[in-house]
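Go ahead and model the full structure; you've got the sequences and the hints to work with.
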Amino acid sequence: MDTGGKLKEARMAAGLTQEQAAENLKVSRQTMSNWENNRSYPDILNVLAMSDLYHASLDRLLKGDPELMEHIQESMDTVKQTRRLLIAVLINMIVFAAACVILRLTSAKAALVIVFLIMIASMSFLLTQIIKKI
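Counting along the sequence shown from 1, when you hit position 112 you're at 112 in the numbering used here, and nothing is skipped either side.
Treat the hints as calculated values from the structure; they're not laboratory data. Cβ coordinates follow ideal geometry from the N, Cα and C atoms, glycine included. Worth double-checking, as some hints may not be accurate.
To be verified - Below are the BS3-like pairs computed for lysine-lysine, each with C-alpha atoms no more than 27 Å apart in a straight line:
1) Lys8 - Lys63
2) Lys80 - Lys63
3) Lys8 - Lys26
4) Lys26 - Lys63
5) Lys26 - Lys109
What the hints assert, rightly or not - Distance windows between CB atoms, simulated:
6) Glu19 - Ile44: 30 to 36 Å
7) Ala111 - Met69: 49 to 55 Å
8) Glu70 - Leu90: 27 to 33 Å
9) Ile44 - Ala13: 17 to 23 Å
10) Ser107 - Thr82: 25 to 31 Å
11) Ala13 - Ile91: 48 to 54 Å
Shown next as structure tokens:
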């Protein structure tokens with residue numbers, strides 16, 4: 001059985017209408033219909049919520065559908081990429097603040113060159129993370 005059929009079967013076994021399930025999951029009834037008719041897939045958080053709501057194991061809801069598993073893997077990869085991007089932005093801000101402090105404390109040309117090179121490296125790392133995100 002396909003994932004949509006499994007979701008519908010689990011919902012019906014729990015004695016819920018699409019409207020009731022949608023309300024509990026905080027999605028539209030149309031979204032529920034799309035999931036149950038394989039027009040789209042729920043994200044991992046909604047799959048977990050459905051598992052709790054329907055009192056059904058994740059294995060029962062997910063097993064045997066490679067497309068859904070791929071969709072969930074892509075969702076998880078997006079979270080990891082977003083986390084890396086956030087870390088890159090924070091590191092860049094710290095490096096910039098440190099560079100400002102160093103520039104205020106010294107007037108040596110060597111310090112300016114070092115700060116400039118560090119900023120280039122930091123910006124390159126940030127740009128790499130942004131490109132990976134896109």
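Tested hints:
{"no.": "1", "hint": "Lys8 - Lys63", "in the structure": "holds, 15 Å"}
{"no.": "2", "hint": "Lys80 - Lys63", "in the structure": "holds, 24 Å"}
{"no.": "3", "hint": "Lys8 - Lys26", "in the structure": "holds, 17 Å"}
{"no.": "4", "hint": "Lys26 - Lys63", "in the structure": "holds, 24 Å"}
{"no.": "5", "hint": "Lys26 - Lys109", "in the structure": "violated, 59 Å"}
{"no.": "6", "hint": "Glu19 - Ile44: 30 to 36 Å", "in the structure": "violated, 23 Å"}
{"no.": "7", "hint": "Ala111 - Met69: 49 to 55 Å", "in the structure": "holds, 53 Å"}
{"no.": "8", "hint": "Glu70 - Leu90: 27 to 33 Å", "in the structure": "holds, 31 Å"}
{"no.": "9", "hint": "Ile44 - Ala13: 17 to 23 Å", "in the structure": "holds, 22 Å"}
{"no.": "10", "hint": "Ser107 - Thr82: 25 to 31 Å", "in the structure": "violated, 40 Å"}
{"no.": "11", "hint": "Ala13 - Ile91: 48 to 54 Å", "in the structure": "holds, 49 Å"}
Of the numbered hints listed earlier, those contradicted by the structure are 5, 6 and 10.
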